[in-house]
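Starting from the known structure of chain A, fit chain B onto it as the hints suggest.
Residue numbers (our numbering), protein chains in the order written: chain A, 1405 to 1596; chain B, 1405 to 1596.
None of these hints come from the bench; they were simulated from the model.
You may find that some hints are simply not true.
Covered stretches of chain B (in silico footprint by chain A; criterion: 3 or more residues with CB under 8 Å from a CB of chain A, positions within the stretch not fixed) [stated by the list, open to error]:
(1) 1416-1430
(2) 1500-1514
(3) 1547-1559
Partner residues aside, some chain B positions facing chain A, computed with beta carbon under 8 Å [to be verified]:
(4) G1488
(5) V1538
(6) E1576
(7) L1577
(8) D1584
(9) P1586
(10) Y1593
Each residue gets a CB set at the ideal place from its N, CA and C atoms; glycine is no exception.
Listed below are the residues making up each chain.
There are 2 protein chains.
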Amino acid sequence: MSKSVLYFSMSVDGYIAGPDDRPGNPGGDGFDRLHRWFVPDGKRFARPDGAAGELYDEMQATGAVLTGRHTAEQAGHWGGDIHGAPIFVLSHHDPSPAAAAYPLVRYVKDGIVSAMEQAKTAARGRNVMVHGAVTAQGALAAGVVDELAISVVPVLFGAGRRLFDLLPARIELEVLRVIDTPEATHMRYRVR
Amino acid sequence: MSKSVLYFSMSVDGYIAGPDDRPGNPGGDGFDRLHRWFVPDGKRFARPDGAAGELYDEMQATGAVLTGRHTAEQAGHWGGDIHGAPIFVLSHHDPSPAAAAYPLVRYVKDGIVSAMEQAKTAARGRNVMVHGAVTAQGALAAGVVDELAISVVPVLFGAGRRLFDLLPARIELEVLRVIDTPEATHMRYRVR
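Chain A with its partners taken away, still in its complex shape:
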């Protein structure tokens, strides 16, 4: 069965993006620091050794991506391709002509629940990767998140954009797995 999973690299103080996050500086100052565990040179993905490598493989094997328009546009729609998976973009608007031209990018305008259903169907039994803090929290609030995969990076950012800032209520989790590496502590939670 397809599961929806939030994948995020987060500082110990809860930031997933640094300050001054904008199109010319995607992810803000220090964004590379959070992703060094699988993008060591700040440019190319590199599979880590050991158990973190299995997490990396799992991320690469997700069957669909669900994200918001802000994140998608900030990232230039990933050039239309995230490891070949269909990309569902939650939006109130039509896609730009550039985005509309990508065959794997589909804009969804009827809300997060429908978007997740479509993404799960498209994932054909594989997992749906949720991208972007606003979409992640909207999905949590709507009850359509199955698991959280949070890679906690040993740094205090002090400023930037937090993963969690918009949750309307308390949500209980269950620890499924902890991968302990010097680069990050990879937490896996199930939403109860």
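Quick look at chain B alone, frame taken from chain A:
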């Protein structure tokens, strides 16, 4: 050598206290949830089994406590006794008559650096436990924190008081230890 250690139980979204934190409701709504791993009935401390028990023992063995006036007053100065350790309270004011009567409570008015020096001296080689979010962040900003012991509890709070909200700059950490239990993931970091 005496080390200064921040001990905190924190939700996955970074909260160490719930909403409506006030004298009649110390720690706010849901505070018990964060401390269930060593206060399972919400009243009495209970040493957990396994590796978390060693963390518990270590907390009980700290040689001095450093805290702020808000936290100290909120907690009624712990009745003047935290496992027999001297309690240093950082304040701009003199203690209340009740606080001044506790032999182990000492108010320090000349700043966090001096307070930490005094606490380390009083700890006689044992560690100094730092209590309270404001004091913790002040100590981090002043560079007088050696380690962070953060017990991450598998719950999203959505609201309350965060541990980290006031840091003036990025601070690099090193993962020293991870204790993986169903009740909490006990992270230990060294400040670089």
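Unsatisfied constraints (hint numbers, rising)
As far as the earlier hints go, 2, 4, 5 are violated by this structure, in ascending order.
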